[in-house]
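Top to bottom, those sequences are chains G and S.
Residue numbering for the first sequence follows this note's numbering, starting at 38 and increasing by one per position.
Residue numbering for the second sequence follows this note's numbering, starting at 13 and increasing by one per position.
Hint data in this document are derived by calculation from the structure and do not stem from the laboratory.
This one's a predicted model, so the numbers in the text were calculated from it and none came from an experiment.
Glycine residues also receive a C-beta, built at the ideal position from the N, C-alpha and C atoms.
Misleading hints may appear alongside valid ones.
[Claimed, not checked] Chain G is faced by these chain S residues, among others (derived, beta-carbon under 10 Å):
| hint | residue |
| --- | --- |
| 1 | Glu168 |
| 2 | Ala172 |
| 3 | Leu189 |
| 4 | Arg190 |
| 5 | Lys191 |
| 6 | Arg193 |
| 7 | Met194 |
| 8 | Ile219 |
| 9 | Asp223 |
| 10 | Arg237 |
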Amino acid sequence: MMADDDPDDREFVREAFEKSGFKGEFRCVEDGGALVEYLEKAQALGPMSRFRIPDLILLDLNMPRVDGYEALRQIKSSERLRHIPVVVLSTSDSESDIQQTYDGGVNSFITKPAGFEELVEMAGSLKAYWLELVKLPTGPAT
Amino acid sequence: MDEMTRLSARVLELERLLREREENDSFRLVFNSAPYGMVVSDESGRIVMVNPRAEEMFGYSAGEFKRRRIEDLVPPALRSGHAGQRHHFHRAPSIRSMGAGRDLYACRRDGTEFPVEIALTPLPGENGMLVLSSIIDISRRKLGEEELVRYSKRLERSNAELESFASVASHDLQEPLRKIRMMGERLGAIAGESLDEQARDYLGRMIRAGDSMHRLIRDLLAFSRVTMRTEGFTPVDLSATARDALSALELLVEETGAIIVVDDLPEVEVDEAQMRQLFQNLIGNALKFRRAGVVPRVEVTGRVEDRAGDLVAIVEVKDNGIGFDERYSERIFLVFQRLHGKTEFEGTGIGLAICKKIVEHHDGRIHARSTPGEGAQFVVEVPVRRKPDSPAAPHSA
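With the sequences and hints as input, model every part of the structure.
If you want it as structure tokens, here you go:
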């Protein structure tokens, strides 16, 4: 699942994931507010609803209304959501952004690649690591 | 007492009077031609003598002055306190300057006030102690100081604005550029087969232009960040810093088979990360502009020179590369200035500009010498110790 206000980027990343062989559902929202709202609903309604808890969140930082920093804070401070891996995917490569988001509990920080081929490679790596290699908890500890 | 004794006593007396008169005359000469206002007052504060400069300064004539008291020259708000200070001075007279760090003001005849510096000198006289006040009008100097403070604040502000502008502009410029490149690549991938050769060529050139602009913006951003990211100045052994820089260049050194010699370099108070970058750029530059068929050799040497009490560290980076025409020895330090075609050597031409910015951030200077075809030598001079008034300079992290 991806939160990014830039429609082109959403399209590129979706395409890149498809090209990398990703077969699952790729949801997009336009800002951090919509992301958190979706996650809350998915958590409340359970796995049988049409709101599924995503396996991975791709988070842009500069978004209108609720930006990436705030969305990250809300996700990582929520006991029910904090287990979902969050990868920042931003144009920024500034040290302060990197520091700040890792302090906020982000799982990885990636600067958006400049070319499409690199984007496909990135999608492949993310898929292989977060969706295939690592074991993650399926939900909050009870 | 005989005639002789009386006569010699009379001569002595005459000599004394003459000497006094001469002293008096030279006092008057100095008094009247002094470039500062001079006002002599007695113990009760009555003004007994003034020089022409004082008349000019305060707007009273010599005659008017003599009907005034010294308090009339003090701003009204401070007059009552002044009499007490005057008594205090007469009890323990000594040469002293007034104000002691405070701003002093004097009051003209028309009531306007002006900033002054005053020195007080006790003058023992026949009718008790007199005080000579020497007064300098510092309005001009004050104006100059204020102007300077205003100017440096303005400069600081505009520098900060410029830096944040460069950083924001570079970052925001990257956005649409990334799209252009990405769309170009997508277009090439999807329609590449159906495009004719010319169309593919145009597309390829468009993407390469985008790549080159991406590098330009990235380097501009790096340049604008040099002084924004400062970790403060600490005493650093530059030999160690140079070796750190070398480890970052390991691959390049290996590829080129270069011989790099780092001498003992002085310990200098610097921003270490910036100095590492400086060495990396200078040595990297030396390796990049190597001569074909010649094993690159780079020597890094250093010494400390005493320049009128200021210790200056001088570090030289010397290579045996292609060198450059000394006509361009200033130009090579400018942003995006290149002396070679893009096909000969890659790079945007930012490296030496960053070097210059780093050195200037250390209140130093950098210059280059070269003989084309024989090699180049870059000389960096930075003060060994930071001056206490040097701004620490961290704008923001």
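So, going through the hints one by one against the coordinates:
With a cut of 10 Å, the hint placing Glu168(S) at the interface with chain G is violated, because the nearest CB-to-CB distance is about 22 Å. The interface hint given for Ala172(S) is violated, since its Cβ lies 16 Å from the closest Cβ of chain G, which is over the 10 Å cut-off. The beta carbon of Leu189(S) is positioned within 10 Å of a beta carbon in chain G (closest approach about 8 Å), and the interface hint is therefore held. A cut of 10 Å between beta carbons decides the hint on Arg190(S): the least distance to chain G is about 5 Å, and the hint holds.
Proximity of Lys191(S) to chain G holds as hinted, the smallest CB-CB distance being about 6 Å (cut-off 10 Å). With its C-beta approaching chain G no nearer than about 6 Å, Arg193(S) sits inside the 10 Å limit, and its interface hint holds. At about 5 Å, the closest approach between the beta carbon of Met194(S) and any beta carbon in chain G falls short of 10 Å, and the interface hint on this residue holds. The restraint placing Ile219(S) at the interface with chain G holds, with a minimum CB-CB distance near 9 Å, inside the 10 Å limit.
Taking 10 Å as the C-beta cut-off, the interface hint given for Asp223(S) holds, the closest approach to chain G being about 8 Å. The interface hint given for Arg237(S) is met, as the beta carbon of that residue sits about 9 Å from the closest beta carbon of chain G, less than 10 Å.
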